[in-house]
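Undergrad: Protein chains in written order, with the working numbering: chain X, 7 to 248; chain F, 472 to 911.
FYI, nobody ran anything at the bench for these hints, they're computed from the structure. In this text the structure is predicted, and so the values were computed from the model without any measurement. Glycine included, every Cβ here is placed at the ideal spot set by N, Cα and C. Misleading hints may appear alongside valid ones.
What the hints assert, rightly or not - If you anchor each label on the Cβ, the simulated ranges turn out as follows: (1) F:Pro570 x X:Gly44: 24 to 30 Å; (2) F:Gly574 x X:Val240: 20 to 26 Å; (3) X:Gly205 x F:Asn856: 52 to 58 Å; (4) X:Lys106 x F:Ala749: 41 to 47 Å; (5) X:Glu118 x F:Leu672: 32 to 38 Å; (6) F:Gly574 x X:Leu177: 25 to 31 Å.
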Amino acid sequence: MSILILFDNKLGSCLIMSVLIFMKRSREENKSKTKPKGKRDLNKEKTKEKILAAALELFRRNGLDGTTTKQISKKAGIAEGTLFNYFKTKEDLALFFFQKETHDLVRWYGKETRLQRAPLPEKLFAIIHRQLEYIAPYEEFIGAVFFRSLQLHSKLSPLSLESQELRLKYLRFVREVLAQAEEKQEIPRIGELGAYAVGLFYIGIVMHWLHDTSRGKQKTLALLDRSLSLATGVLKKGAWDW
Amino acid sequence: MGLVSSRHNSIGRATRLAQLGAGLAGSYLAYQLQRPFLNERQNSERRHALGRKNAKQIREDLQDLRGPIMKLGQALSMQTHLFDSDVVEELAGLQMQAPPMHGTLMRAQFKSAFGENPEEVFGSFEPEPFAAASLGQVHWAVTKRGEEVAVKIQYPAIREAIETDFRMLRAVGFAARMTGHLQESVVREAERGILEETDYLNESRNIQYFAKHLAPLAFVRVPKVHSELSCEQVLTMSRVRGLRMREFLKTNPSQEVRDKIGIGLTRLFFFQLFRLQALHADPHPGNYLFDHDGSIGLVDFGCVKYLKPEVVPCYAQFWSREWVHDTELYADIIRVVFGPNVSPAEPRVRRCMNEIRRFYDEFHPLTEPPTALELADPKFMERLNELAKTLLKNKFLSPEFLFLSRTESGMCNLLHALQARVPTTQIAREWMPPIPRIKK
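With the rest of the complex left out, here is chain F:
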């Protein structure tokens, strides 16, 4: 290992992060100092302007740093309950726009990973990336046989950058770990997930798995991997047609199409959860491509969660809520969600479970026949945010549920953006297996 490298990289990244922190602290301090001299309107305007300015600064710096720190920003952009809309909008810009590698670096990286230049490997190769995200960027190309493909190229030494960032995260998050708000198992799970995303051979195995097992859902399109044109850091896949959410909504799809896609997304989620027990767990909008015929293209299988067998029936219980009358079952759920050493009688546990029950009673009632959920209703997102806040406050943090809730909230955000009407309860029941007892 290069002695200088790890130091330089970590010092460089730490400096940028420290700068970012200092910058934010500085601007808040300036705001606090000015505050007594501002009237209410000025105060609110200044606060919003500060929020926007900071959000922009955060986005720009996270983009430059790429890697997991940028991923963290992406994850935060989905936490609409935690931030002002200005901040969320800026952070949403992180979804697909890291500064791309310049042409020379991209070619150097491709050659170092693949042994040849892209122009030698493909019939034609688009040097400008189509999208650049936190861990790599995507170029359009045509194979020598004439097939249109998307080529994903990873940033150099991103694994080392991830390890550095997590070292820093552990140091910075020391206090949060001590208070129990951030469990080491959660950090470990996040690190494992992100590191796994850097292995494109693993991703190509995931694609093949999902292509095979999602076959019963004819409306879902999954890319085909070109294994001979892929390696650990270069992944070549067939092009998947469709528009990203933002562009799709610009085409003014009818309510019928929105509902069809909404139903498709929901079926996709529950099919993965209850049938495959594996989730495409990177739900940012750029990974879903929509078409007016109601079909859904699913791309980017870097982050896939194969769930533990006891988690799925436990989650299914949120929908059937049999635990309300079954103390033994309730204790089993608590053991899975909170860990074996937490008593079901603990007040924070009760608070979490009551909040979950209230939320599901309100939006997914057990009445027959089940009603369609109006996802355009702002009350739904509001209540979902409240639920997330309560769970976070009460340390409802299980590494298994981390990916599950991330995917679910990502799906809710998509459905909300679509303003679709979806009979969620009916769909959930369609795929839900007869609920087995949770294994001890």
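The shape of chain X in the complex, shown without the other chains:
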């Protein structure tokens, strides 16, 4: 009876659908965790990376809007139809780029044992600098993606469902870094707010980096260094101390 009532209710049906999607996803995730990747999966991954490499090369030359899917498939050496099997739109391609970037960041940080013992401002500096170095060869593409992400209906928008997983992965990673600093009493407990603040700060830094015409983007380096030292200092003191 209660189930029927729920089904009559639109909100209820949405809730149930979400639960079902979540269950399906976690089953798929468990499957992929338990089962090693087969040759087919590996081939798929390789093709995706080949497409991305071709697309990035074209984006660098012609910009995001100036590149067609036809050009991408031709450069990647696959049929245009096959391209759509992997990426429905250029935005999906961009999302894949950022997934790889976040994946690379987490894996890199895991190996940096010296950095893991460094003070928080240096850690955050290194993390954000690593991200900037990753995106550095594709400046124009990043600029185009940045402005597209401001459109609400875009998959790249921070509010879109498609970008949530990626966003959460990044926030969880930053949260862990901040939690270590909290444990070492480098900063007071700031909880999840800290991770969101770093996320927003990173967006600000990318925007600055895009506009930075100084040699070697040194103004961004200086801004990053000074703001992180200042922010950590303020957090450590609890407030303005005079």
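Got chain X; can you put chain F on it based on the hints?
TA: For chain F alone, coordinates are given in the frame of chain X:
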């Protein structure tokens, strides 16, 4: 230019400076409020404690801000006449100790300036800096050919920070400029000098110039530039041996060695002034390295002043004092020092020139043979401070003399710390050219 950057940087720096100002004002206000309730001893103790606390706070904040504001602190630390010894001691801490760039920032900055990581460029590279100063920091390294070198790496975007600081200085110093105590030409000269220090290619040219022209002074060691390992923001030089003043004095050098070094420093100063007409104008103690054999290592050629030709004979006149009997010559000196629109008869001008004459008559008398100057004598530093105060009060401020007097007072501080006995007048005369008329 990054739209956000300049704003963020200037707002950030302005906030720190405003905080510093507010903090100092706050603590003085608290002291003034407590004062009626304190007896004389408490009053003096509290005042000293406040001086120490403020000096420490100033040092820490200036260190964090780096750049010219820290340079200003360094310059103030040499003005022993203006502050209590507590304050001077704290500010002296600024000489070599800015908070260094952390390893990640240093590598990022090196790569952005040089295009490669330091470990790829050198055979070995010491990641911990040997010294960190206001504009950059120095690391020891060994080249791939096995030569020991010092690598100077500049802080990122320091030029922009300098321009921001000078904008603020101009705003803050508006009142002082209106009263004439701070001339725009002096501010401009200081800004030019500090900005020039950020160009390491210019510094490497200075090193090469001094290495060539100081060759007659065999006791002076100047580093060799590795041009292939240098760029605008990275400077690689050979390592210069020797100890900084503080460490050198800890080794208890004999009076003979102190005198030898004192004489060497004085000869170095007058040789630069009278022969080269160019000065290594950053005289803080960290830039001089001493050895027991009496040799002197000179490093950091970022701040070099090539003097205008009329300035040198004008300065030489302080030593020969012919102007006392020559009104035309006197007028020429006033024109160079105070500017073309100032009358030699102005009382402040007379006060300055009389004070200069009194000082030189006392310590560098024209008697024959010239006597050695006892620089350990506290009276000398006291009188030098009095002279500086009088000149400052009477607006004796020429941009050309800014660097000249900075170098001279730096040398006096070094000689005083060494407690050396130096026949300064004799040395000055040795290098002094036959005094030409000052060019009009």
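Undergrad: If a hint holds in the structure, say so; if it does not, say that too.
TA: Structure-based check of all given hints:
1. F:Pro570 x X:Gly44: 24 to 30 Å: violated (53 Å)
2. F:Gly574 x X:Val240: 20 to 26 Å: With Cβ atoms ~23 Å apart, the hint holds.
3. X:Gly205 x F:Asn856: 52 to 58 Å: holds (56 Å)
4. X:Lys106 x F:Ala749: 41 to 47 Å: Given a distance of about 56 Å, which is not inside 41 to 47 Å, the answer is violated.
5. X:Glu118 x F:Leu672: 32 to 38 Å: holds (34 Å)
6. F:Gly574 x X:Leu177: 25 to 31 Å: holds (27 Å)
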